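**Student:** All chains should be built: construct the whole structure from the sequences, respecting the hints.
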Amino acid sequence: MNREIALELKNLVFSYRPESILIEQMNLALFKGEAAALVGPNGAGKTTLGKLMAGILKPSSGQLIIFGEEGKTLPLHRIAQRVGYCFQNPEHQLLAVSVEDEIAFGLKYRSAGQDHISRVTESLLKLFEIERLRKAFPLNLSWGEKRRVVLAASLALDPEFIILDEPTNGLDDEQIETLNRVLGGLHERGIGVLLISHNQSFVEINAQRILQMEEGKIVNDYCL
Amino acid sequence: MQKMLAVEARALSFRYQGQHTLVLDKVNFNLEQGKIAAITGLSGCGKSTLGYCLSGVIPRLIKGDFSGEVNLQGRVGIVFQDPDTQIFLPTVEDELAFGPENLCLAREEIREIISCNLELIGLKELRTENPATLSGGQKQLVALSGVLTLSPDILVLDEPLSQLDNSAKDRVKSILLGLKEEGKTLIIMEHDKKNLLLADQIWCLERGRLFQLPASGEVNQGE
Amino acid sequence: MSMTTAFSLDPRTKLFLVACLSSCAVITTHWAFLSGLWVVSILLLLVFGISPWDMMKKIRLLLYMVIFIAMMQSIFISAGQALITIGNISLMTTGGLLMAMEFVFRMLIIVCSAGILSTSNSREIIQGLIQLKLPYELAFMASLGIRFIPVFAEELRNTMTAVQLRGIDIRVLPWRQKIEVMTGLFQPVVAGAIIKSRSLAMSIEMRGFRAYPTRSSYLLLKYERKDYVVMICSGLLTAILMFGYFFWFQA
Ligand SMILES: Nc1ncnc2c1ncn2[C@@H]1O[C@H](COP(=O)(O)OP(=O)(O)OP(=O)(O)O)[C@@H](O)[C@H]1O
Ligand SMILES: Nc1ncnc2c1ncn2[C@@H]1O[C@H](COP(=O)(O)OP(=O)(O)OP(=O)(O)O)[C@@H](O)[C@H]1O
Ligand SMILES: [Mg+2]
Ligand SMILES: [Mg+2]
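Note that the protein sequences, when read in sequence, are chains A, B and C.
Heads up: the first sequence at position 118 corresponds to 118 in my numbering, and the numbers run straight through without jumps.
Heads up: the second sequence at position 166 corresponds to 166 in my numbering, and the numbers run straight through without jumps.
Heads up: the third sequence at position 44 corresponds to 44 in my numbering, and the numbers run straight through without jumps.
For the record, the hints were derived by calculation from the structure and aren't laboratory data.
As the structure is a prediction and not an experimental result, all values here were calculated from the model.
Accuracy of the hints is not assured; some may be wrong.
To be verified - Straight-line alpha carbon distances no greater than 25 Å define the calculated DSS-like cross-link-like pairs of lysine-lysine that follow:
1) C:K226 / A:K51
2) A:K72 / A:K58
3) B:K193 / B:K169
4) A:K51 / C:K196
5) A:K217 / B:K193
6) C:K226 / A:K58
Said to hold, decoys possible - Computed list of chain B residues with no C-beta within reach of chain C, every gap over 10 Å:
7) R60
8) L72
9) C116
10) G183
11) Q212
Said to hold, decoys possible - FRET-style restraints, in silico, Cβ to Cβ:
12) A:E70 / C:L62: 31 to 39 Å
13) B:C104 / C:R171: 24 to 32 Å
14) A:N140 / C:I232: 31 to 39 Å
15) B:A106 / C:L46: 36 to 44 Å
Just so you know, even glycine gets a beta-carbon here, dropped at the ideal spot from N, CA and C.
**Tutor:** The structure is reproduced here in structure tokens:
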């Protein structure tokens with residue numbers, strides 16, 4: 001099977017501080033349409049790796065290749081047009097005065113049609129059961145509500161690949177079920193995902209490939 | 001024999017400022033000393049809000065329409081859901097020392113408490129790190145230890161395990177069971193069914209109403 | 001070696017040093033003297049192991065603001081000879097220019113002072129203030145007040161990242177939309193910073209802050225010999241400088 005690569009790391013090195021290198025010489029390829037999961041203990045560097053792949057952090061050295069383009073020279077907004085990302089802490093991503101605006105924000109300034117925007121927004125509000133909160137101020141929501149708003153806002157942009165950091169954190173069982181359905185739908189449409197999660201059953205349901213990370217290294221890479 | 005009630009809340013109602021609906025609607029809640037209660041419910045049902053009420057954050061620090069009565073026997077500690085907003089000192093050590101310092105403990109005693117807590121929770125290596133630059137799960141552990149060092153009699157924990165890996169989850173669970181042994185009273189907001197096994201009683205919050213579910217662990221005493 | 005020694009000075013010593021430096025900067029008004037003082041503070045930064053260049057880069061925005069204010073000042077203050085005139089209105093004068101330069105140097109010296117203090121962490125500075133007999137509540141509250149600035153900065157940074165993560169480049173938007181986005185972001189950023197500061201205050205309160213009129217402390221600062229040496233030297237130097245200044249420049 002000849003699969004196309006979506007995101008690729010080549011000899012990637014990353015450190016927050018010069019004296020201690022967190023990620024050393026990492027080589028990794030994620031394929032288009034692939035559902036992978038990044039698991040590992042607290043502090044292993046999962047979030048860091050996710051942020052690197054989404055272009056939020058820049059590698060200290062080595063290469064990041066995003067859909068065939070050199071990631072270092074691509075500005076973040078260009079990367080984000082193809083690769084979606086959700087923070088571990090949903091508060092870091094909220095920027096609008098209402099839930100509705102939050103979801104519509106990306107589309108609105110990327111010159112999407114009004115019909116399209118309201119159709120997408122409505123369906124996502126409904127999907128994540130936040131219709132009742134459409135006028136609410138996002139920063140005043142409960143943790144799980146914030147999580148759902150952020151997920152909806154990222155999905156609204158219709159990325160080709162999406163990285164979700166602890167997406168089940170704060171969700172109840174029913175909403176995790178919803179998320180499972182959403183991820184199933186993405187998979188059918190050939191959209192790749194990288195899930196960073198401690199929730200084992202969630203990972204087993206949604207991922208075909210498991211990347212196990214420890215102390216900044218991928219120690220195990222296998223398919224389910 | 002009836003044990004002493006550590007937490008007793010009667011007819012709690014609360015509405016956030018500028019909202020129309022009541023988040024809590026005449027909620028009653030009792031918990032005996034030395035027990036663990038879990039509070040579940042769908043996301044957004046008001047678990048965190050209930051935690052604020054039970055620990056006195058509402059009405060003291062958050063504005064809104066509050067009515068009802070809460071009686072607590074002993075000192076209360078609360079760990080909030082968002083670890084980021086509970087961490088403000090430059091090292092993990094300082095963060096853990098903050099509570100005991102407020103209680104005017106002696107320096108040597110504080111040192112002892114910090115070492116003991118770091119050992120228990122598994123953060124020994126991070127003692128002098130800046131908590132702002134830790135990973136999500138590590139921050140959650142720091143936030144928890146920052147309250148544990150206060151050794152409160154009643155502890156309210158808002159989804160304390162949500163970002164932890166399996167070994168940290170086990171460690172924290174055994175710490176919580178240890179606290180129970182010591183006679184502390186715990187209230188835990190939790191979604192995950194697996195973690196509910198920890199609790200002596202499980203309460204469910206739905207549309208502002210709170211009711212008790214059949215217990216999973218111990219046989220339900222009293223009533 | 002000198003670097004690590006300076007680094008490990010008692011925060012109270014650093015406070016004293018900074019107090020000397022900034023009182024010199026505030027009391028004196030001559031640009032030549034101020035520029036000398038600025039050179040001294042740059043040297044001090046180097047001794048404390050901070051790269052002045054990196055620091056200037058970090059606070060670029062503040063510097064632009066200072067320069068902008070200085071320019072406005074030099075335009076509106078007319079004293080001395082006219083340098084630029086339009087018709088018979090003098091737009092820039094030597095007096096105005098000198099005033100502006102003084103202002104810039106003062107701000108630079110204060111920035112350097114802040115840099116020196118930043119070699120101690122916030123807890124150490126708080127403890128320094130407490131051991132200087134400032135009430136602990138005031139010391140903590142002041143530090144929390146100052147903390148609002150980094151919280152706000154982080155909120156702003158997160159929001160800017162969040163905007164880009166929605167695939168938007170503000171720079172290329174048409175003007176109308178640019179203004180729309182910017183004004184739309186204002187409220188969430190400010191409200192976000194306030195909400196976060198409030199949650200922080202909540203957590204602090206719930207951890208027993210102000211439960212008792214006094215408070216013990218885990219950290220204990222002790223003066224060492226080098227602290228006394230530095231304080232005596234800087235005190236003497238300041239006294240000599242001030243004396244010299246009033247003697248030479250004012251007389
Ligand atoms: N901004 C930062 N500055 C310095 N070090 C950092 C920073 N962020 C994270 N680290 C360090 O990098 C390591 C990896 O952090 P990361 O957040 O990637 O872990 P993680 O695998 O996502 O863990 P978790 O499961 O707890 O979220 C940790 O040891 C952490 O202390
Ligand atoms: N400061 C606030 N102002 C207005 N409404 C609020 C505020 N905080 C929370 N709410 C609303 O009150 C309701 C209950 O919130 P709460 O945080 O208690 O829920 P929760 O049960 O803890 O949810 P989660 O499981 O997602 O953490 C939510 O619908 C939320 O939108
Ligand atoms: Mg993480
Ligand atoms: Mg909550």
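**Student:** Checking each numbered hint in turn, tell me which of them this model violates, lowest number first.
**Tutor:** 1, 5, 6, 7, 13, 14
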